[in-house]
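Visitor: Residues per chain are reported as follows:
Number of protein chains: 6
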Amino acid sequence: MAKAEDFFFSGLDKSGDTGNKLESNVTQVNVNQIPGLNTLGISLARLDFAPYGVNPPHTHPRGTEILTVLEGTLYVGFVTSNPNNQLFTKVLNKGDVFVFPQGLIHFQFNYGKTNAVAIAGLSSQNPGVITIANAVFGAKPPISDYVLAKAFQLDKKTVDWLQAQFWMDNNN
Amino acid sequence: MAKAEDFFFSGLDKSGDTGNKLESNVTQVNVNQIPGLNTLGISLARLDFAPYGVNPPHTHPRGTEILTVLEGTLYVGFVTSNPNNQLFTKVLNKGDVFVFPQGLIHFQFNYGKTNAVAIAGLSSQNPGVITIANAVFGAKPPISDYVLAKAFQLDKKTVDWLQAQFWMDNNN
Amino acid sequence: MAKAEDFFFSGLDKSGDTGNKLESNVTQVNVNQIPGLNTLGISLARLDFAPYGVNPPHTHPRGTEILTVLEGTLYVGFVTSNPNNQLFTKVLNKGDVFVFPQGLIHFQFNYGKTNAVAIAGLSSQNPGVITIANAVFGAKPPISDYVLAKAFQLDKKTVDWLQAQFWMDNNN
Amino acid sequence: MAKAEDFFFSGLDKSGDTGNKLESNVTQVNVNQIPGLNTLGISLARLDFAPYGVNPPHTHPRGTEILTVLEGTLYVGFVTSNPNNQLFTKVLNKGDVFVFPQGLIHFQFNYGKTNAVAIAGLSSQNPGVITIANAVFGAKPPISDYVLAKAFQLDKKTVDWLQAQFWMDNNN
Amino acid sequence: MAKAEDFFFSGLDKSGDTGNKLESNVTQVNVNQIPGLNTLGISLARLDFAPYGVNPPHTHPRGTEILTVLEGTLYVGFVTSNPNNQLFTKVLNKGDVFVFPQGLIHFQFNYGKTNAVAIAGLSSQNPGVITIANAVFGAKPPISDYVLAKAFQLDKKTVDWLQAQFWMDNNN
Amino acid sequence: MAKAEDFFFSGLDKSGDTGNKLESNVTQVNVNQIPGLNTLGISLARLDFAPYGVNPPHTHPRGTEILTVLEGTLYVGFVTSNPNNQLFTKVLNKGDVFVFPQGLIHFQFNYGKTNAVAIAGLSSQNPGVITIANAVFGAKPPISDYVLAKAFQLDKKTVDWLQAQFWMDNNN
Chain A
1 MAKAEDFFFS GLDKSGDTGN KLESNVTQVN VNQIPGLNTL GISLARLDFA
51 PYGVNPPHTH PRGTEILTVL EGTLYVGFVT SNPNNQLFTK VLNKGDVFVF
101 PQGLIHFQFN YGKTNAVAIA GLSSQNPGVI TIANAVFGAK PPISDYVLAK
151 AFQLDKKTVD WLQAQFWMDN NN
Chain B
1 MAKAEDFFFS GLDKSGDTGN KLESNVTQVN VNQIPGLNTL GISLARLDFA
51 PYGVNPPHTH PRGTEILTVL EGTLYVGFVT SNPNNQLFTK VLNKGDVFVF
101 PQGLIHFQFN YGKTNAVAIA GLSSQNPGVI TIANAVFGAK PPISDYVLAK
151 AFQLDKKTVD WLQAQFWMDN NN
Chain C
1 MAKAEDFFFS GLDKSGDTGN KLESNVTQVN VNQIPGLNTL GISLARLDFA
51 PYGVNPPHTH PRGTEILTVL EGTLYVGFVT SNPNNQLFTK VLNKGDVFVF
101 PQGLIHFQFN YGKTNAVAIA GLSSQNPGVI TIANAVFGAK PPISDYVLAK
151 AFQLDKKTVD WLQAQFWMDN NN
Chain D
1 MAKAEDFFFS GLDKSGDTGN KLESNVTQVN VNQIPGLNTL GISLARLDFA
51 PYGVNPPHTH PRGTEILTVL EGTLYVGFVT SNPNNQLFTK VLNKGDVFVF
101 PQGLIHFQFN YGKTNAVAIA GLSSQNPGVI TIANAVFGAK PPISDYVLAK
151 AFQLDKKTVD WLQAQFWMDN NN
Chain E
1 MAKAEDFFFS GLDKSGDTGN KLESNVTQVN VNQIPGLNTL GISLARLDFA
51 PYGVNPPHTH PRGTEILTVL EGTLYVGFVT SNPNNQLFTK VLNKGDVFVF
101 PQGLIHFQFN YGKTNAVAIA GLSSQNPGVI TIANAVFGAK PPISDYVLAK
151 AFQLDKKTVD WLQAQFWMDN NN
Chain F
1 MAKAEDFFFS GLDKSGDTGN KLESNVTQVN VNQIPGLNTL GISLARLDFA
51 PYGVNPPHTH PRGTEILTVL EGTLYVGFVT SNPNNQLFTK VLNKGDVFVF
101 PQGLIHFQFN YGKTNAVAIA GLSSQNPGVI TIANAVFGAK PPISDYVLAK
151 AFQLDKKTVD WLQAQFWMDN NN
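Chains as they are written, first to last, in the working numbering: chain A, 1 to 172; chain B, 1 to 172; chain C, 1 to 172; chain D, 1 to 172; chain E, 1 to 172; chain F, 1 to 172.
No incorrect hints appear here.
Derived contacts from chain E toward chain F, CB cut-off under 10 Å, selection only:
#: 1; residue: Phe8
#: 2; residue: Ser10
#: 3; residue: Gly11
#: 4; residue: Val29
#: 5; residue: Ser43
#: 6; residue: Thr64
#: 7; residue: Leu70
#: 8; residue: Phe88
#: 9; residue: Lys94
#: 10; residue: Pro101
#: 11; residue: Gly121
Because the hints were derived from the structure by calculation, they are not lab data. Since we're looking at a predicted model, the values are computed, not measured. Even glycine gets a Cβ: it sits at the ideal position worked out from N, Cα and C.
Using the sequences plus the hints, can you model the full thing?
Guide: So, in structure tokens, the structure goes:
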């Protein structure tokens, strides 16, 4: 039998830990945290940014994101599909809202000298996150360095160096 | 051709006007405000409450709602379908999250002595709002008072009085 | 292994018992009665009305209803979402058909001096029913009378009296 | 602007004309008759049968059907997909309900000496009807008789004769 | 835990056995062969034809098909729904592509003197196949010969003879 | 009025031009080429590879891909979402089939000394393609080099160099 707790989560007021290379942190509240969301097609997330922190280019394979800024200033953008790969950007201040359509690569960047906080809704109870750099250079096992060198116009040595780095996941 | 402005909205940091009988106000950000949301299945809303303000029992005919409290304390609940009509409630403080499944009657009430603010995601670009009292007693033209008296176990006089009232819509 | 009985139900020719306060009765035939309906997105219902019987304002959270009158005369209607809350009504005689869009509050009322019967199709194998008065005033446990008084412009005493009543579910 | 008439249809109490070779008739009430059904995922139909009348094997390419008998006795069935092609049948009397899953070939036959009438719900506002014999032998222009002879294990002469017949559509 | 093999199938280069009455063969690659396709809404098939081989009139109850010819020449077609039952056909050579919309009756015929091969995509992980002749005349148990005689304008003796034949399923 | 040509495309037997840096080419056949695919949820593509050619890491924001090899040998793979970013790979020979689930980053690489050809089905009439390197380093206007340097652990100079390159789209 369902109970109120199945529809409840606590702690989205807590700032995520931005003490990392990206200086950003995403706290997800989806069906993994709230079982009552099953089949209901929605979830939330909180985004925290230290000054100059970056939520790096990523996609949600199963969801559109709509974000509003609670504190600070964010420079955000998404890139359209081939062949145009057009970049749409906005500087967002407190109370501004921006949409990142399903599956498109997007990023957020704390443009300002103070912390920034945003809340986002996502159109799936399990939207997924793919951090591009992590999936490309941090896949386990690694993607063939020949493939990546050719795809990214890098020499193999640079690819190997990239693949040897630690690729942090800033999503919790 | 699409442009960044089609995915943008400004002003969700502004408190909605709670100077009304319900002492609450909902600011919607859906496909009517952001044309780029078309077909993308998501929208946002901001909820403001004066002390003891009420967002009265209502449904979203085309969407589930997931809400998080930014300020203050809310007592919230939803009622399951027939035959059980079970009430699920929670007292929500800052950072708490609660889910109101699609089509179920739900409400929020500012339990505390200070203003309360919440942000909600909804699983449709056009979820719709039906304030129960307004649709039942404030329909234009009015629903037959015989039907309403029988349905609500009220005498016709009380129904007629209710139908003569002003039924404010606290949604913008 | 599936068998013909999984797609079969018997008894929709039987009049539901209208010997109750609402003088109406709804017999549902959905996935709970016919397991073969699972995932197929449709169900049926039979509606019976004694003279002046009312199927009170209700919604189906997961389905649109299309109804045809087999016997008698029904006055029916639905109310659109906020902000308009426009009432659309029709008097239906034998052979007339009317549509109640998903999630909207609607009702049927036997306008005539004889019994009335209708058959309805619903666009879900499990559309759900929410009788508004029952969910609002008959929720278990009860919704805060402060909230309901404010929402319905009633004094607390009237709300308390309403909450003390028996709220019959005319759906089987 | 929508109006009540957009959700209304009249005349489903009228018996369809069964004075044809199949001695059956289907009256459809879908988005072509009721524009308000657009996007709502449901429609109705009335089926009339003279004694021994047949609603011949057909499919609905975009919908499941759920039928209830109002008068008379029907022998109904559907055939499952390859490889089993299992026939599921039932004799239906007044008040019996049967389901024909989306896209499966099904038929109804008036088993009795009196007229039979049924009402069906379909899980699409535009479910479509494909009468198998009509689409196979009455296609315009005709399907290659070589193909049909090979497919149906008939000699070409029989196929040609069949293709020369009039293939009545009993759906209105 | 998922593994690469859950997304893999081997053998679509092998010609299906066309040594049968229809002189055609379909090899399906759907969720039954590749469990990782579950919920992903797509599958493949390979079609082989001996000279003058026929893939007889059939439907996919849950999917649209898009086919491209790898070798040989096919005469293909589909028939629209009632009331028009219009036949759309094309002669397809190597590299030609044709679409068979969901649920519509369609066929392919090797028009040429050499083998023909095609690859098709289908818009479901489990589209299903209904070979019309098999489902109509080869259902198990058989459909009433009275019904089929009336539906197909055949005498009962011909129907009985047809029902006594072996109806091969050319789908693997 | 629809006609057979609306469901037809010609030329998928033609090898795409692989005389480019990636030594690969993708020919798409979707709703832009075949208007009759509208709403039908499927499309095809042909993939050509010169020896050691690469179809670089990319996603389809609105579709799952299922591919079969017609000629040659491909090394293929996809990467799962965060936090695991697990790489699933296979070496595919003629007749092998592999699935790339919706929205996940995937690639194909011609492992062999001869040309390779594959045919793919995609679960949308308009699946979209996002070549990761192109969208990240070739977006127009460019993404902030500060953001990319931080996201990809590269120095700004390398990012600037990458952004100055020509990012070819191998999709037609």
